[in-house]
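Asker: The chain contents come next:
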Amino acid sequence: MNNSVLKIILSFIGLVLLQVLVCSNMNFMGEINPFVYVVFVLLYPVINNRLLFIFTSFLLGYTVDIFLDSGGVHAAASVAIAYIRPLILKFLFGSAYDYQSIKFSTVEFSRRLVYFLLLIVIHHLILFSLVIFDETKTVLILQQALYSSVFTLILCLLFSSLFSRKET
Amino acid sequence: MQQLFNFFIKNKTFVLFLLLFSYALSLTIQTNEYQRSKFLNSSNQITGSIYGMFHSITQYFNLKKENQILLEENSRLKIAVFNQEKAATVDTLLEYKYELQPSLIYKNSYSLPNNYLTLNKGKSDRIKEDDGVITSKGIVGVIDRTSKNYSRVLSILNTNSRINVKLKKTNYFGTLSWDGESPEITQLKDIQDLVKLSVGDTIVTSGYSSTFPPDIPVGSVESFRLNDTKDLYIIDVKLFNNMRNLEHVYIIKNTDINELKALNSSNEQ
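In order, the protein sequence lines correspond to chains A and B.
With the numbering used here, letter number 73 in the first sequence gets 73, and the count goes up by one each step, no holes.
Just so we're on the same page, the numbering used here is the position in the second sequence counted from 1, plus 168.
Next comes chain A alone, as it looks inside the complex (with noise of 0.2 Å):
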């Protein structure tokens, strides 16, 4: 129990960091940065405290707005997604998710990347449209979303074939 707390911790501060001081600043094609922090919402362990996890998803958007000087754009986006996991969780997995057996390092490819994507996709749209704020601009708000959304799904596959690995 320790230790996967110490790693939920480690993992945070460390997403924030990655996040902060090199995603934030990959500009890629002039703007498309990947917001590889949801990464830690995604793969949060299934387990039945979901006001804690609610609350931690809070904590990881705000600590991130704060060093990017953006609001609460972050934070209402992961809190958003956080809520919903379930309900996706269940679409997805069904009777795995209610016995709370599901492991995310031994899902099969295929169900791992429709998760990830539904829930970054969603992610994405929340936090460009609270950015943007500008309901004339719905175009550039999809465009963005489309864009960022590819980028952090790569990294994000990349990132949790990278720590499941490290598990077995």
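Do not rely on the hints blindly, as some may be mistaken.
Cut-off 20 Å, straight-line C-alpha distance, at most; resulting in silico cross-link-like pairs (SDA-like, lysine to any residue) [as the list claims (entries may be wrong)]: (1) K406/B / E31/A; (2) K180/B / E31/A; (3) K296/B / D424/B; (4) K305/B / V389/B; (5) K180/B / P86/A; (6) K137/A / S279/B; (7) K90/A / N179/B; (8) K291/B / H416/B; (9) K233/B / N251/B; (10) K233/B / N25/A.
In short, the hints are calculated from the structure, not lab data.
Given the coordinates of chain A, assemble chain B onto it according to the supplied hints.
Answerer: Just chain B now, with coordinates in the frame of chain A:
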């Protein structure tokens, strides 16, 4: 009452979600307004020192380019000194009301609609809010938050940024703002349609605000069009600064600012 408690306990995840989400939303809305209330930002001690540590590693990658920029500036200044007439010294002494403080950029962003920079100088270096920030090529923004050792700059690439500028040739002035799209192009509004304009005209600061002294270069006219009511120009201004690549900046301290502020507030009453 019992039922109310039961409702909260039953839906506690949803309540917590709603609470945190609306708090995050309120923070977002507050940032979209200029001069908002106090909350945490990147100029505090912890974030500042983390950015500082990382910067001490990454600064080596830019040394060559920064050296080149400093050399160019040096030679321009030397040429100005060589060509200066000797008698001008008396006037410059009288107008000595701005001080420059060199500073390093710890964090820069330009891809969001509201961009901020973090600098490694703060209150202990007598940096105040509303001090201007420039490079050797042009303006960068205005300090909007300071802590003991760090300060945050409201970049000209921020949709809340408003800077008073003028056309160098004709002295007509207007407001420079940003539409949030290209980090190279900002918009100059409020120039009347009877002003003669041509592509490539230089735009400089007007000196009507206490933040920037007059005649600091800003950019050049890229294109212009009339607004919807056909009486004012909207001018696209190509910035002289490359906002993607900033490292060394100067903070302009206006030593007369208290007097000016006192004057302005007495006018308003």
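Asker: For each hint given before, does the structure comply? Return the numbers of the non-compliant ones in rising order.
Answerer: Of the numbered hints given earlier, those the structure breaks are 2, 9, listed in rising order.
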